[in-house]
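Below, each chain spelled out in residue letters.
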Amino acid sequence: MAEHHGTGGHALQGPARGPGAAQALAVGHPQGAGHHAHSEVGVTGIDNRKLGMWLFLASECMFFGAFIVAYIAYQGKSLSGPTPEELLNIPLTSLSTFVLLMSSLAMVLAVQAAQQDRQADARKWLLATALLGLGFLSFQAYEYTHFIHAGLTLSVNLFGTTFYTLTGLHGLHVTIGVGWLLALFLRSLKVGLGRAQALSLELAGLYWHFVDVVWIVIFTLVYLMSVLG
Amino acid sequence: MAVLEQPRQVGLLRRPTSLTGFWSWVTTVDHKRIGILYFWTAFFFLLVGGIEALVMRLQLAHPDLELVTGDRFNELVTMHGTTMIFLAVMPLSSAFFNYMLPLLIGARDVAFPRLNALSYWLYLFGGILLNVSWLFGGAPNAGWFGYAPLTSSVYNLGRGIDFWIQGLQLLGVSSLISAINFIVTIFNMRAPGMSLMRMPVFVWNQLATSFLLLFSLPAVTVALIMLMFDRYFGANFFNAAKGGDAILWQHLFWVFGHPEVYIIILPAMGIVSEVLPTFSRKPLFGYSAVVFSTALIAFLAFGVWSHHMFTVGQGPVVNTVFALTTMTIAIPTGVKIFNWLATLWGGSIRFTTALLYSLGFLSMFTIGGLSGVMHSAAASNLQQHDTYFVVAHFHYVLIGGALFGLFAGIYYWFPKMFGRMLDERLGKWGFWVMLIGFNVTFFPFHFLGLLGMPRRIYTYPAELGLARWNLVSTIGAFILSVGILIFLVNVWKSLRYGEKAGPDPWDGRTLEWSIPSPPPVYNFRRIPYVHTRDPHWARKYPHLAQAEEPPPAATAADSEAEHGIHLPSPSYMPILLALAITVGAFGGVFRNVPLVALGVVGTIVSVYLWSVEGEGGIVVEPEGDA
Ligand code: HEM
Ligand SMILES: [Cu+2]
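Which chain is which? The protein sequence lines are A and B, in order. Counting from 1, position 124 in the first sequence corresponds to residue 124 in my numbering; the numbering is continuous, with no gaps. Numbering-wise, my numbering comes out as the position in the second sequence, counting from 1, plus 1000.
Hints are computed from structural coordinates only; laboratory data are not their basis. Backbone N, C-alpha and C fix where the C-beta goes; we use that ideal spot for every residue, glycine too. Be aware that one or more of the hints could be misleading.
Interface residues of chain A toward chain B, partial, derived using beta-carbon atoms under 10 Å [said to hold, decoys possible]:
1. Thr44
2. Tyr164
3. Leu169
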């Protein structure tokens, strides 16, 4: 790399100073700025990884949004049965929805415990979140087997096509989430799950809550509205 | 430069350490090197797409030729479009995004250096995957927008469409990751004092482009997933026999596809907004108007997609609404054009090659924009749609606009990236030959279109009277190729014998010109303090530039300059993860379950190792006295 240095820089660099308070006062950026390549908290005051996660989730809104629009566009357009009214089991799905909602509660408690450095609690709630997620997935597996027996496949009609892709891709997101949580759990056995790991946990939490919210939309649209409305 | 500290060993693989040689490129996470990789790869694919175009032009040079079959022609059209958009023009923009962004905002790297490398490898492998389709029984052949049901397994039996689906998904993931990375970098990593409204306009355009990608890519991702489910698992999204609707594809594709054209043009607009001020020796005219117009264009880009579907019968209300929104986009676009003209006005202009290409951009893009406004009148669109008139339009905006803008960028930033000047005389020759070749090739398309020549026909009978302009166009295509060849010779010659550039060959205005060419790994020995727009210019000519506020009083010495600069360490994980994903995609094309499983397992393992490994870090000692 030595050849890069022959020319020497111009004298542009600002007056020598630390990355900390002095300049921040002068320009009104509370956090200073990208002082080296992986500075965690940047100009906005939001951690890089967290900001990245928010952006990713914004993109995911469009992803699920497109599938939801397709579901609505094809609602009631199936040329043959089985229909949603014949199959959907609201009480059972309400239960699985409740399980998923509780997993979000557990997630909140896990993050809070980690932030307060209560490691054992954090681990306990983390595991509970993952298990509740698995519970939700079991409901979904049961539902799918039941529907397939009743004749609803991906290719039988438009309801099958849109129902399985929408709920299936949501299920895939939950599966990835469970994998992520379990990986964090395993890792925590080695490196702990306290204040130092709270951010990693929080990122998984953001994702988890998002997936949960998407389910609320799906539950309302696919289950409640098609049967009630 | 001495490396002072190496990372602690974590994870399974030894962290790579070398900063030179082949493996240092494979494992690099340095935004400058990644930019250079993007640059050469994109240029390679530009040539591939160009050769495909030349074959098509030869086939069309004369009526009733049989140089290639109709089937092969369909593959050529599809691969040409797909290659040029996704593998050549977008990545060429990405090359500058990668290389220039941290330099322009005074940072040491992007927010997520390893993700940045992952984006590159996914792009490379996606490009390879798309192109090996030629060897495995046929390339994609349903057009770059792959309309249903041309792509359905009933009408399209080969593997081409499967290659297209998997290849585009890889490229999509790559772009999505880049978009997130760049937005976080722009929001979080600006040098102290660089408020948003002090950012170079190129960075604003990069920000807008990244947001467009973030919100539009999911639409095509979803469309491709649906198509995959239809083809692989017998779903009915686009299957009319079961009530599916082919128009759903068109909506989803163009919800992505129209923002995509701004994803292509905004980077070029950003480059031109840097080049014009530099070579007019004036600040950009109406900075805030340009910034707000950029934002407005990005916003409106999501509300016009149905202008690609005026002829499918959506009814007068929908057509009118989309005609109006489309025409509205011409307003912020026009604002920008007048601001660029006003930037030139009264400047002390230096006619460098970079400036010539920018002027080429201005004039050619305006022609393309005008035919665009013609298309947007729904009634007139019925005549123009799917004729060569549309082909003329999008080549004027894509080549005359985007590519000329990118060439301006190459001539402007090549000295910074490679430390040597491109030859100006060859550069000007190349420019004029390209400009003439381009117009001879594409202006006749307007006539051909108005004469009724449809798009995507592989030949035409002599009686139609299309022969003359087709021949002219083919000749033009070869002139254009000569222009590109001159450019290649110039690059080859300048890399070897070019004049050494020095830090600031153009008397530039922005931060990249304040550091050596090429810059050291750590970019800035000390992170600069920014107290105005065009900070380098203000530093050089304080009497010309009004500093908006005095720099803060000197405080403690920058600890980094004394104790070494912290940089992320190279890593094997980006290329390994990209490989695993690609193996899965390749397995997907061949419906080979073990290969898909291998890809999935490989991906999971790589992601785990990636996160365990962490960013690492090396500490380097800056050299020289700055
Ligand atoms: C003033 C701005 C623009 C307007 C009003 C406009 C309008 C249009 C309209 C209405 C069409 C549809 C024509 C048809 O198929 O019947 C079209 C097609 C197209 N435009 Fe533009 N456009 C503008 C700028 C751009 C830019 C900046 C780009 C790219 C850099 C671009 C690229 C394309 C492409 C690729 C197509 C053809 C898509 C295809 O059918 O393959 N346009 N434009
Ligand atoms: Cu459009």
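Now the hints, each set against the structure:
{"no.": "1", "hint": "Thr44", "result": "holds, 5 Å"}
{"no.": "2", "hint": "Tyr164", "result": "holds, 8 Å"}
{"no.": "3", "hint": "Leu169", "result": "holds, 8 Å"}
Of the numbered hints stated above, none is contradicted by the structure.
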